[in-house]
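2 protein chains.
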Amino acid sequence: MKLFHLLLASLLLPLSLHAQKPCQELGDPHPADAASWRRVSAPCLGWGSIDQRYPKTAVPQLNPTIRLSAWKGERVNAQALLVTPKPLSRVYVEASSLRSGKGVISSAQVKIYYVRYVMADGWLDIHGHSNHHRADKSQFDSSLVADPLLPAQPMDVEGQTVRPIWLDIKIPASAPAGKYQGTLRVNADGRVLTVPYTVSVSKRTLPEPAQWKFHLDLWQNPYAVARYYGVPLWSEEHFRLMRPLMEQYAAAGGKVITTSIIQHPWNSQTEDPFESMIGKTLTLDGHWQYDYSVFDKWVSFMMSCGVKGQIDCYTILPWHLRFDYYDARTNCTLSRHLKPGTADYEAFLLPFLKDFAAHLKQKGWFDRTCIAMDERPMDILTPAHQLLRKADPDFKIEGAFNYFPKDVSDLHDISVAYEYDLLDGASVRQRTSQGRPVTFYTCCGPQRPNTFLFSPPAESAYMGWHAAASGYSGYLRWAYNSWPQDPLRDARFRTWPAGDCFLVYPGGSSIRWMRLVQGIQDYEKIAILRDQLKGRKLQKLNQTVSKFRTNKFTVDNDAGRMVREAEQVMRSLE
Amino acid sequence: MKLFHLLLASLLLPLSLHAQKPCQELGDPHPADAASWRRVSAPCLGWGSIDQRYPKTAVPQLNPTIRLSAWKGERVNAQALLVTPKPLSRVYVEASSLRSGKGVISSAQVKIYYVRYVMADGWLDIHGHSNHHRADKSQFDSSLVADPLLPAQPMDVEGQTVRPIWLDIKIPASAPAGKYQGTLRVNADGRVLTVPYTVSVSKRTLPEPAQWKFHLDLWQNPYAVARYYGVPLWSEEHFRLMRPLMEQYAAAGGKVITTSIIQHPWNSQTEDPFESMIGKTLTLDGHWQYDYSVFDKWVSFMMSCGVKGQIDCYTILPWHLRFDYYDARTNCTLSRHLKPGTADYEAFLLPFLKDFAAHLKQKGWFDRTCIAMDERPMDILTPAHQLLRKADPDFKIEGAFNYFPKDVSDLHDISVAYEYDLLDGASVRQRTSQGRPVTFYTCCGPQRPNTFLFSPPAESAYMGWHAAASGYSGYLRWAYNSWPQDPLRDARFRTWPAGDCFLVYPGGSSIRWMRLVQGIQDYEKIAILRDQLKGRKLQKLNQTVSKFRTNKFTVDNDAGRMVREAEQVMRSLE
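In order, the protein sequences belong to chains P and D. Under the numbering used here, the letters of the first sequence match residues 1 to 574, in that order. Under the numbering used here, the letters of the second sequence match residues 1 to 574, in that order.
The calculated label-pair distances, taken between Cβ atoms and stated as ranges, are:
no. : chain 1 : residue 1 : chain 2 : residue 2 : range
1   : D       : Glu237    : P       : Pro377    : 34 to 42 Å
2   : D       : Glu237    : P       : Gln434    : 49 to 57 Å
3   : D       : Glu237    : P       : Gln386    : 32 to 40 Å
4   : P       : Arg243    : D       : Leu321    : 33 to 41 Å
5   : P       : Arg90     : D       : Thr283    : 44 to 52 Å
6   : D       : Ser335    : P       : Arg90     : 45 to 53 Å
Computed footprint of chain D on chain P; a stretch qualifies when at least three of its residues, placed anywhere within it, have a C-beta under 8 Å from a C-beta of chain D:
no. : stretch
7   : 228-238
8   : 274-284
Worth flagging that the hints you see were computed from the coordinates, not collected in a lab. Bear in mind that the values here come from a model prediction, so they are computed numbers and not experimental data. Where is the CB? At the ideal position from N, CA and C, for every residue including glycine.
So here's chain P without its partners, still in its complex pose:
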C-alpha cells in the first residue's frame, strides 16, 4: 500500500526543506567589534589558511596569493576569504582552469564550497572527561564555528561578515608535473574580485583511493539520512540521497561498511538509533526465520558506492544486552535481556549466527565480514567469542578496546583508543603483515587530537600521521554522519562535544573532513616514500613521522604546526 508511505512522506515534508536550500545561520553569540570594520571600505578577496577557522564577524588578514603543492592524483585544498563591509546579493564564485607551460588542469577539477557557520559548544573538563550529558547547553560556551562545506551556489552575503570559500582541487594522474597558475573569481553585485594561486605538481603519483592501504573505518548511519530528509527508509529516494554521501566516504578510502544486525546496538545513543537490518521472527511453531532483505540491500548499495573492504556487524554484545525479535504469537516485537555465557543467550544467538554465516557464504561476503564488539569487558567478550566459533569457526571478529585486553589473538581487526598503547610495535607489524587491521580511534575523548568542531582543523590530518608513526593500518571513528536534529544550524548534541557524532554534513562535507582526507593522503605518501627513499632521506622521513608516535598536546595549534612542518619536510624529500 504505497499510499501510506506517501502520506508519511508528506507529513515529514517540512523537514525535507533542509535539503532544498541552505538554512539561515544562527546569530553569532560573540560578534567581533563592529568598529574594526571601519578600515574595510569595499569588498575584498584574499587567501587564508586551511588550518584556521575564521570568525564570521572579525576582519581577517588576507594574503594576495597562495602556493600549493600536490602529487599527481592528490587532492589539495585552499581557503579564500570574501570580506565585505556591506551586504552582497547573489555572490557567485568561479575558478579558472589551471595552466602550466606544459599542461592544463580543467576548472572541473576545482570544486568550490562555501564554508558555513554552525553553532558549537566546547570542551568542559568534568572529572577528567568532558563528554556526556550536554542537555543543559548553558554549561558550555556556545560559539559560531566555521565548519560545514556546502557546494557554492549563488548566495547573499551579509554586511560586515567574512564568507570563507574552500577549494578542493583534484590533480589528475595524467597532469604533467609543473607549476600551474590559476585564478579564483568572485562576482558580487556586478563587481568582479579575483585572486591568483599556484599549484606545484610533483612528478610522483598518488594512486586512486580504491588502492589506498589506509584502513578507514567511519560508521555510517543510514537512519539519520532518512530522518533528516524526511524520506522513507530504504526507498529509492533514500538511496539516491545517500549515494553522494557514501561515495564521499569511499573517495576518502573508506573500507568498512557499518551494519546493525540487532536493534539499537548502542542503546539509542544517537539522534537516530540504528535499527536492525536483519529481521528475526519466532514463528507460531517455534522456529526462527531471518530476513536479510535490508542487510543485503544496504551492503550491496555501499559496495556500489565503492566501499568494498569489510562488513562490520554490530553486534552480539550490545551494551544493554537486550535482543529483540518479532514474535508471531503476539504479533509484536519482544525484547529479552540475555547474558553472554548463558543458555538463553546461546539459544537466541546460535541459530541466528549459523543462519547468518550460511547467508554470508551464499552472498560471497563471509570472508570480508566481521562480527564487531566495541568497548566490552573481557568477561563477556570471551563467551561471545566462543559462541561465534561454535556457530562457525571461521567467523572474523572486530573489537575496539578502551582498556588493555589480555588476549586479542582471536580477533581479525582490532581498534585501540588513542590514549592507550595496547600493542608493541612488533605485534602491530606482525598483525598488519598478516592482513589483520590494527587501527586507533578517537571518540568523545581525548581532548586533543580530535575532530570536534572546536578542534584545530590540522588535528584531523594528524590522524593519518599518527597511524603512520604507530604502524597502524588506519583510523576508526564511531560516527561518520550520526547527525543531530539540525546539524547545518546547530551541531550540538545532548551528549558529547559538538561534532563527535559526525564528520560531514547533509549535502556536503566539512573543514575537518578535508583535513582528515589530507592526513590519509599523507599516510599513503609516507608509505610510498618509505618504499622508494633510501639512506639519509629515508632516515629523515622516519624521524619526522616518529614525532607523531605519541604527543600530549598542550597548545591548540601544536597539531597544525607539526603537520605543516612534517608536510614541508616530506616535500623536501621527494
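Fit chain D to the given chain P structure using the hints.
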C-alpha cells in the same frame, strides 16, 4: 528452533505449579469468634443455600435435607456444608445415583466441587464510582470470600472451619419426570457422613445449550491462560488447557468469540493484555502483508469448543487510538496514533479491512463477524463506521454504549450499559425479531446487580431475568477470564472491584458462574413457557418477569429474594 521455547517454558515452570495442585488459601482477615465452635463436638454435614457465601470460620446453620426442582435437560445446584471442629485429612466426597420409582440418574451426572476461599475487596463509592485505581489495597476492606469452585479431589480440611461442597446436577433429557432421591456422602478420617436430597424432575424439557437463544457474550482472554499456566502461547499445551475453560463457556450458551485484531485494544487494562491476533507488516517496498495464522487458529479452536454464533473483532477504535504494525524497514514494531476521519487512519485501516473481509469470506466466516467498538463517542464512531462500509458495505458492526447514541441503525449487535434505557421496547423487539442482538452489560458498575465477589450470588441469576424482562437477547460482560496474577488465592486487581475481570477460575468455575448459568436457563424457560402458556398463567408469568425490568437495589439480598420468588412462581405455572 524449539530449544528456545523449551527454555522459555522451563523458566516459567514454577508458575505452572498453580495448575498442579490447589494452592493454600490465604488467612481470614476477619475470623469468626472461635468460642462459637465449642458447641460443635464432631464433624457434621448438612445443606445450605446456593445464594449464600458461608464464611470459612463461622459455624453455619445446616438443613438436614433439601428439595431441588428441575426440567429435563436442566442443570441444578445445591450447596452442602462440611463443618468440622478438628482437622480432617483426605476428605473425599461422593454422590450416589438419583433414583425415583421410574428412573435412575447416574452419579456421573452429579458434578461435585469444593467451594474455595479467595481474598476480595469491596465496593467503595468515590465520587459516584468505585471502580478504578485499587493499587492501594488498604483503602478497601479485605475479606476472604467463598467463590471459586474446583472439582473435588481428596483434600485436608482445617479444624474449626467450614468447607462448602457444591453440586451441579445435569438432568438428562431422557430422565422420566418424577421425584428422585439421592445422597451426598463425605468420607473423612474413616468416618462417613451422609445427607439426603431430592430432585423433582418436571415433564418439561430444556433444550441443549447449543439451542439456547440467550446471546451470551463474555470476552475470553487466551493470553491470561498461557501466562497463568506458563505455557507457550498458542502451543498444543495452551489449547489443551483452554479447552475445558472454553467448553464451559459453550455449555452456558456462549455465543461470541472474542478476537483482538490490533494490539492492546483496551490499552493493556488487564493483567494480560490482548495482543493482536493478526500480524500487519509493512514490507520494504511499501506494501501491506497480513498474517491471519493466530486469528484462524483461535477462531477454529473456539468453534471446536462449541462457540459458533458470532466472531467479534476488537477493534478499529481502541481507546488510545494507537495502531501497531511490523515495519520491515526497521525490523521492529512501530506504533502510530491515528485519528478516525483522517487520511492516515484510512490509509492504515482501509487496506487491512478489505483484506480482512476477503479472508473472512474465504473462510466462510464473514456473515458471522462483527467489527466491535465499545464505549466510544459518536464523533469517532461515525467516521469509523463509514470506513468500514467503504472497505465492505456488508461488514457487521457491534457496539457497546454507555451513553445514549443518536442513531444505532447501522449496528448489527448493540449492547447497552445496565444503567441506561437506550431503546424502547418496540425498538428492541424490532431489532431482535430481525436477528440483530440487543444485550445489556454490567462491568465495574453498577454496584447492584453485578457479579463481583462481594455481590450476592443471586445477582448473577438476575442477569437472565433482567434480559427476559427487557426483551434483550442476552448479556455481555467484558471479562470471562482476564485473571489477576494469582486468582485462586487473591481475586483483587489493581483496578476495579474484585471479580470484575473474571467469572471463572483456572481449572474450575465459581458460585457466580453457576448462578449466572441458572439465570440463563431461567431465560430459556421463560421463553418456552411464554410460547406454551395462555391466559391467566401467561399473565402471571409476565407480571413476575416484568418486576426485573428496572430495579434499583438498596438491600443486598433483594436480588436473591426476587429471583427465588420468581423461580417459585415459574414452577407453580408449569
